[in-house]
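Undergrad: Turn these sequences into a full structure, and let the hints guide you.
Residue-level listing of the chains:
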Amino acid sequence: MRRRALVAAPLVALAAYPAIRPYDTYQHTVMLLALLLAIQAVSWNIISGYAGYVSLGHSVFLGLGAYTAGILGVHTGLNPFLAAPLGGLVALVLAVAVGVVVLRTRGHAFVIITIALLLATQIMAINWAWLTNGSDGITLSLPPWSRDIANLPFYYFFFVLLLLTLAASAAVRRSKFGTGLVAIREDEDKAAAIGVNTTRFKTAAFGLSAFFIGVAGAGYAYFLTFLNPVGAFSILGSVTIVLAALVGGRGTLWGPVIGAFIVQFASEAATVYGGGSSSRVLLFGVALALVVLFLPAGLLPTVQAWWLRRHPVAVEYTDHAGALGAGPVVVTDRRPPPAAAPRQALLEVRGVSKRFGGLTAVDSADLTVLAGTVTALIGPNGSGKTTLFNLVTGAMRADAGQVWYDGRRIDKLPPWRRGHLGIGRTFQVTRLFRGMTVLENVVAPLPDGRWRTMLAGAVNGHEADRARDLLGLVGLNRFADQPAGSLSYGQQKLVELAQVLMLEPRLILLDEPAGGVNPSLVDKLCGLVRELNAQGVTFLVVEHNIPMVLGLCDPVVVFSRGTAIAQGAPAVIRNDPAVLDAYLGDDWRPPGASSGVSPGAASAGGGAATAVGTC
Amino acid sequence: MTELVQALALGVLIGGVYALLASGLTLIFGVLHVVNVAHGAFLVLCAMFTWWLWRETGVDPVLASVVTTPLMFGFGLVVYRLLIVRVAGAAPAMSVLLTFGLALTIEGVLNVTAGNKFRSATPGYFSESFRIGGISLPKPQVYGFLAAVAVLGLLYYVLTRTWTGRAIRATAQNPTGAALVGVGATATAGLAFAIGTATTGVGGSIMSVLYPFFPASHYDWISRLLGIIVLGGMGSLPGALVGALVLGLGETLTATYGSLRWSTLVFYVVILAVLLVRKQGLFGTRLREDVAL
Chain A
94 MRRRALVAAP LVALAAYPAI RPYDTYQHTV MLLALLLAIQ AVSWNIISGY
144 AGYVSLGHSV FLGLGAYTAG ILGVHTGLNP FLAAPLGGLV ALVLAVAVGV
194 VVLRTRGHAF VIITIALLLA TQIMAINWAW LTNGSDGITL SLPPWSRDIA
244 NLPFYYFFFV LLLLTLAASA AVRRSKFGTG LVAIREDEDK AAAIGVNTTR
294 FKTAAFGLSA FFIGVAGAGY AYFLTFLNPV GAFSILGSVT IVLAALVGGR
344 GTLWGPVIGA FIVQFASEAA TVYGGGSSSR VLLFGVALAL VVLFLPAGLL
394 PTVQAWWLRR HPVAVEYTDH AGALGAGPVV VTDRRPPPAA APRQALLEVR
444 GVSKRFGGLT AVDSADLTVL AGTVTALIGP NGSGKTTLFN LVTGAMRADA
494 GQVWYDGRRI DKLPPWRRGH LGIGRTFQVT RLFRGMTVLE NVVAPLPDGR
544 WRTMLAGAVN GHEADRARDL LGLVGLNRFA DQPAGSLSYG QQKLVELAQV
594 LMLEPRLILL DEPAGGVNPS LVDKLCGLVR ELNAQGVTFL VVEHNIPMVL
644 GLCDPVVVFS RGTAIAQGAP AVIRNDPAVL DAYLGDDWRP PGASSGVSPG
694 AASAGGGAAT AVGTC
Chain B
410 MTELVQALAL GVLIGGVYAL LASGLTLIFG VLHVVNVAHG AFLVLCAMFT
460 WWLWRETGVD PVLASVVTTP LMFGFGLVVY RLLIVRVAGA APAMSVLLTF
510 GLALTIEGVL NVTAGNKFRS ATPGYFSESF RIGGISLPKP QVYGFLAAVA
560 VLGLLYYVLT RTWTGRAIRA TAQNPTGAAL VGVGATATAG LAFAIGTATT
610 GVGGSIMSVL YPFFPASHYD WISRLLGIIV LGGMGSLPGA LVGALVLGLG
660 ETLTATYGSL RWSTLVFYVV ILAVLLVRKQ GLFGTRLRED VAL
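Chains A and B, in that order, are what the protein sequence lines are.
Residue numbering for the first sequence follows our numbering, starting at 94 and increasing by one per position.
Residue numbering for the second sequence follows our numbering, starting at 410 and increasing by one per position.
No lab work stands behind these hints: they were computed from the structure.
Possibly wrong hints are sitting among the right ones.
Said to hold, decoys possible - Okay, the calculated bits of chain B under chain A, using three or more residues with CB under 8 Å as the criterion:
#	stretch
1	489 to 500
2	508 to 518
To be verified - Derived pair list, reagent style DMTMM-like, types lysine to aspartate or glutamate, alpha-carbon separation capped at 25 Å:
#	chain 1	residue 1	chain 2	residue 2
3	B	K688	A	D504
4	B	K688	A	D280
5	B	K548	B	E412
6	B	K688	A	D282
7	B	K688	A	E281
8	A	K505	A	D280
9	B	K526	A	D229
10	A	K505	A	D456
11	B	K526	B	E465
12	B	K688	A	D492
13	B	K688	B	D629
14	B	K548	B	E537
15	B	K688	A	E279
All values reported here derive from a predicted model rather than from experimental measurement.
Even glycine gets a Cβ: it sits at the ideal position worked out from N, Cα and C.
TA: Below is the structure:
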């Protein structure tokens with residue numbers, strides 16, 4: 094309730110201000126420019142804050158909207174307010190067209206491209222004089238209303254547009270669309286692995302963020318009544334947007350609004366008291382550098398963090414007993430287990446190769462995983478096991494060869510499609526979305542690629558229940574609302590497993606599941622794998638804990654130098670001289686009594702009281 | 410025919426100067442993985458200083474680089490220690506924003522102190538040319554080219570033949586590994602940043618003669634230089650050389666046979682095309698990407 098009042102009060106004040114003081118023309122102008130900046134910063138935040146794709150050329154969309162309204166006004170006499178949705182549409186269409194290609198780049202490349210796009214558009218606006226009247230610019234018709242109300246229509250135009258933009262941003266954040274964007278920001282490849290169609294998510298976010306700025310651009314052109322390329326496609330304008338969002342707190346809903354008002358008022362104050370507009374560049378430069386150095390998270394998150402430090406939440410520990418005592422879990426509640434026995438190949442890798450420069454990491458490898466098995470993949474470091482995982486899940490494209498899953502060829506499919514088909518994986522080094530809570534992490538996977546799924550609420554009741562069940566299973570229920578980054582390494586491994594199970598996969602690829610997990614939980618993990626396997630889930634496990642592998646898995650495939658050199662039952666593999674030579678080393682001897690585990694005993698005993706860290 | 414040879418010769422001269430201007434940018438990216446967006450502003454800053462020195466003392470602008478180079482080296486060291494080192498491990502966007510802020514700050518300072526107007530140092534030989542056959546090569550362009558070749562040669566020598574150079578290259582390839590064998594990553598990165606900035610000493614001095622500049626010229630310059638190093642492969646010095654020659658020739662050829670208005674667009678088209686189609690550029694290599702960090 095208090096929170097709602099906190100939000101509503103300034104908005105009501107903003108709405109009422111011109112009505113109460115109708116003749117403060119100067120103040121209205123400053124305020125409406127702040128509103129315009131807020132619209133841009135909130136829009137920018139959708140792609141650059143939520144999804145982390147920082148655009149330094151976002152004012153290109155303001156220019157596009159402005160020029161759409163200007164050109165339409167000159168040729169048809171259409172009122173810019175009426176042309177505004179069209180301005181938004183032009184910005185949206187161009188953003189989507191460009192975004193599909195440009196959003197394939199990341200990091201430095203994307204930032205540079207956005208600057209280049211803005212400046213290139215500026216040059217085109219100068220050179221295409223037949224359309225834009227070149228450097229001479231376009232003069233729009235003056236507003237028809239009385240001078241007495243001056244800028245009030247612009248004020249309310251931008252105010253209403255800001256509310257709409259905020260509503261859109263809030264809706265995005267509450268949906269799976271928003272969760273997916275944050276997932277992309279935190280770890281894009283991981284997001285793709287859990288079923289997020291990253292191309293569509295990013296492009297949609299880019300288009301949406303362009304749309305509102307385009308609409309605003311039309312209103313801005315009307316307000317200025319004059320347009321020229323250098324003013325409309327301004328790099329300084331872009332920097333102001335970034336600065337506003339950064340000051341307030343990118344990735345938050347309200348931060349960009351707060352930042353926009355601070356930046357606009359500061360800029361106005363500098364112009365009035367600080368030696369005119371020529372010092373504005375200096376002010377922005379210094380402010381940008383200072384914010385990056387000393388307030389990189391922004392005001393709102395910094396204040397929130399301070400508040401949380403003042404009011405700490407008691408941190409609890411892993412519910413060990415709960416994890417070990419959790420009852421059997423039914424994971425495949427959507428798909429019935431496949432009819433027993435006919436052991437068909439679920440996954441087939443045929444002659445797959447992958448090279449990095451001169452190094453061949455996977456060398457025409459063949460591998461078959463039969464449905465219903467727990468297949469192990471072992472081999473020395475650098476033998477290409479993880480690369481093979483990446484090729485199967487689509488994180489990388491193979492240079493040659495084919496991958497078949499459940500009777501269809503999948504090596505050309507993007508990673509998220511493979512996730513939707515039922516392939517889940519965990520990573521060697523855990524890759525949770527550290528900024529999200531544990532519960533958000535577990536519900537982040539998307540089961541299919543439909544728009545309806547993407548736009549559904551981020552966490553619905555059924556999902557939350559299921560996620561809590563899965564967290565209970567790994568003993569981390571009490572951590573549901575903690576940020577995932579605050580968990581220990583072993584705990585993160587368990588959360589990642591719960592996350593994969595959320596997809597209800599038919600094939601799970603585990604990359605060193607026991608690394609860094611304490612022995613009693615390794616037992617639990619093995620039990621879980623067996624239980625899921627009994628329900629029809631197939632596993633492919635990379636693991637260096639050989640006793641665990643020999644006890645849990647059948648068959649075992651041995652990889653060396655990028656290809657499979659042996660395959661067979663554990664008992665066969667452990668005595669195969671080629672394997673011993675390639676993997677275990679020359680001086681390794683088959684264990685007699687030394688390790689204390691024989692495969693027969695381990696699989697029969699189900700992990701009862703054997704050596705530490707084995708099953 | 411003469412027109413073509415003229416365009417090619419001029420293109421090579423321009424390309425040589427571009428190579429010098431871009432060398433520092435690519436060196437800094439190679440070692441620090443920071444796109445120093447302020448590189449263009451450093452150039453303009455140095456050009457402004459050279460212009461002032463030339464006007465006050467009459468010293469030849471190209472020779473003035475003997476003074477400006479150590480100054481810019483020191484400036485680079487200070488900028489690294491005060492600013493860049495703080496965003497060392499941060500997301501790429503943060504270092505771009507920081508250096509962008511720095512570029513704006515320099516532009517703003519120049520705006521306030523020197524005013525927003527075009528300047529150019531015009532020593533005695535400013536409008537003279539060497540004439541070889543039917544081709545005329547502007548003297549400032551030739552001197553600039555020679556200075557650029559000398560500095561690039563020196564840079565190459567330092568990077569390949571001295572311990573410092575090896576330390577810089579080691580840090581560029583693997584900072585952790587370099588640290589393990591006794592190369593301090595922070596100190597080496599600072600040195601690389603300072604050397605990269607020092608190249609703007611000679612570069613800015615040459616620029617003051619060759620290209621009229623004003624405080625906001627740095628946008629134009631950074632776009633050109635980014636085009637060059639993106640084409641060559643970010644972080645690769647030979648790549649920057651080839652990229653500079655290609656774009657220098659491309660520029661003179663577009664201006665000769667196409668239209669001057671569109672010649673600046675070439676750089677943006679190159680940036681977009683290369684980053685989208687072959688991100689590693691001409692000389693960059695792709696390394697194994699699946700190794701967990």
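Undergrad: It remains to establish, for every hint, whether it holds in the given structure.
TA: Results for each hint:
| no. | hint | result |
| --- | --- | --- |
| 1 | 489 to 500 | holds (count 5) |
| 2 | 508 to 518 | holds (count 10) |
| 3 | B/K688 to A/D504 | holds, 23 Å |
| 4 | B/K688 to A/D280 | holds, 20 Å |
| 5 | B/K548 to B/E412 | holds, 18 Å |
| 6 | B/K688 to A/D282 | holds, 18 Å |
| 7 | B/K688 to A/E281 | holds, 18 Å |
| 8 | A/K505 to A/D280 | holds, 22 Å |
| 9 | B/K526 to A/D229 | holds, 20 Å |
| 10 | A/K505 to A/D456 | holds, 19 Å |
| 11 | B/K526 to B/E465 | holds, 18 Å |
| 12 | B/K688 to A/D492 | holds, 18 Å |
| 13 | B/K688 to B/D629 | holds, 22 Å |
| 14 | B/K548 to B/E537 | holds, 6 Å |
| 15 | B/K688 to A/E279 | holds, 22 Å |
Of the numbered hints given earlier, the model fails none.
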